[in-house]
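Colleague: Chain residues, written in single-letter form:
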Amino acid sequence: MSETDENGSEELITTEVQPKNKSARKDVTGTVVDVEELDVWYGDEKALDDVTMGIDENRVTALIGPSGCGKSTFLRCINRMNDQIEVCRVEGGVRFKGKNVYDDDVDPVALRRRIGMVFQKPNPFPKSIRDNVAYGLRVQGRADYTDIEARCEEALREAALWDEVSDQLGSSGLDLSGGQQQRLCIARAIAPDPEVVLMDEPTSALDPVAESKIEDLIDKLAESYTVVIVTHNMQQAARISDKTAVFLTGGELVEYDDTQKIFENPDDDRVEDYITGKFG
Amino acid sequence: MTVEESENETILDRGVSYEDVRGRLFLAVCVAASFFGIAMLALLLWDVIATTYSAIFEFGVNPRDFLTQTSSRNVEKAGFYSAIVGSLWLMVIVSVIAFFVGVGTAVYLEEYAPDNRWTRLFEANLANLAGVPSVVYGLLVLGVVVNGAGIGPILLAGAVALALLIVPIIIVSSIEALRAVPDSVRQGSAAAGATKWQTIRNVVLPAAMPGIMTGTILALARAIGETAPLIMVGALFITTRTPGPFDRFGAMPTEIYTWAAQPERQFIAMAGFGILVLLVVLFSMQGLAVYVRRRYEVEFGE
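Those sequence lines, one after another, are chains Z and L. Under this note's numbering, the first residue of the first sequence carries the number 1, and numbering increases by one thereafter. Under this note's numbering, the first residue of the second sequence carries the number 281, and numbering increases by one thereafter.
Source of the hints: derived by calculation from the structure; they are not laboratory data. Using N, Cα and C, we set each Cβ at its ideal position, and we do this for glycine too. Take these hints with a grain of salt, some might be off.
To be verified - Capping the alpha-carbon separation at 27 Å, the derived lysine-lysine pairs in DSS-like fashion look like this:
| no. | chain 1 | residue 1 | chain 2 | residue 2 |
| --- | --- | --- | --- | --- |
| 1 | Z | 261 | Z | 26 |
| 2 | Z | 46 | Z | 99 |
| 3 | Z | 220 | Z | 26 |
| 4 | L | 357 | Z | 121 |
| 5 | Z | 278 | Z | 220 |
| 6 | Z | 97 | Z | 278 |
| 7 | Z | 121 | Z | 26 |
| 8 | L | 476 | Z | 97 |
| 9 | Z | 99 | L | 476 |
| 10 | Z | 261 | Z | 213 |
| 11 | Z | 127 | L | 476 |
| 12 | Z | 46 | Z | 26 |
To be verified - Cβ-Cβ distance ranges computed for the label pairs, FRET-style:
| no. | chain 1 | residue 1 | chain 2 | residue 2 | range |
| --- | --- | --- | --- | --- | --- |
| 13 | Z | 216 | L | 460 | 33 to 39 Å |
| 14 | Z | 141 | L | 405 | 51 to 57 Å |
| 15 | Z | 223 | L | 401 | 50 to 56 Å |
To be verified - Chain L stretches covered by chain Z per the calculated footprint, using a threshold of three residues with CB under 8 Å from any CB of chain Z:
| no. | segment |
| --- | --- |
| 16 | 464-470 |
| 17 | 482-490 |
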């Protein structure tokens, strides 16, 4: 690879990426999720290979990598959504606030009540907008929110959807546009005030305008929540995340560092190749 | 005109080729096939209406008396009322038994049961069960419930026979309705901290309910027109009393069957009137099923 090529591609990245200000973030108080030597198999196929990483509190952590590299699998280990796949086997530790979530005495339902999740395709329930947002609070029987209606409004405001739906809270969540549905799903995920919000490619099914709205929203969410986001879109990772983890085929975590470092001066050549589009 | 243009004209000509003729013949066969069904239905309706007309105007059957008098051997005193009440009771009891057994089984198979060989074998055999002749269910209930449990040929026994007959149909249609609820919605509910039971109760069942109701209503419509299982459990019973759940009983189809077998022509004409009433009930139920499907169906936009 020639010198000019390298400079050219580096410039391509740095010019295209306009990072969010990320200024309003609180100081890092420590890690909230610690993954230790995590191996995951689907049947005989290894999806994650000896992954160890800590996720900072009140930060946006991006997981990037080519299709099938295990980044979604990693995300689903954190709130044990992989439990629903029969052939999935997990070894190693995922500590949430120090407690290994794969310990026998951990109730996955209780775990998911503290870790919200947003999926790739918007999946609102066939219920009213109000009932969608209130869903988590209702099923969790939360005594700390006596005024569910008020909390729903708050969550919808946090999800930047309130102004668009405040006069139609009774209509079905399925009647909204794709981007609105996804923000509704975000409101649903944050209404019970979780500590961590997991996002599995939340903008890949949306048009660019809706995508940009969601990115702004994620930037804001990081003021109050720890966000872990899987994305196919490297510019997105560069724009919104504080730290980036790069997974490559075989479920290997190749490099995990500050986003700026990953995109400007990665240690691993494979990461550089992947980011500059030469691989993956 | 250039050579190219004239060539194009021949290509685009509406020719009468062999394939064209075959296509038109095929269309004609398909149209004829559809008209055969429609013609048969029209013929049936015409026959039923003509018979009802003759019952009213030739034999002087008063429609009000017909609908309010109970079953009787005396042709002048015989009416359809007790049969209608019998059928309504059957419908109520059958829907309660069949709905809970059918939907419960479907929810277990689709939401809880492990996806193994036994589950698949069970599900495959549900379709076979739905194809068992109805008279077999009648014989089963006659042996096990009427004589075996010794409750006698009462309405409840008839309801059990009809419920057994339609449970497989309800299970199959409920499974279809549950499968139509996308998995992403179940995952969304689980991720929101709902237990499996909360997910099924709050999200899956409400979304599947229009489909389940449609299937159940159509299955009930089938049960209400069934004759053979009722004859097997002894519903060919003529009494001047209107039946309750624990009485000997007759229902609309068995009453029609009894009348049609009588020598008096007036009874046969009244059977036609009875068929008309039964058809009105059946068509109403079909209409209700279509309405429920149209009105409450959930579009997930997948």
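Colleague: Determine which of the earlier numbered hints do not hold for this structure and return their numbers in increasing order.
Modeller: 4, 5, 6, 7, 12, 14
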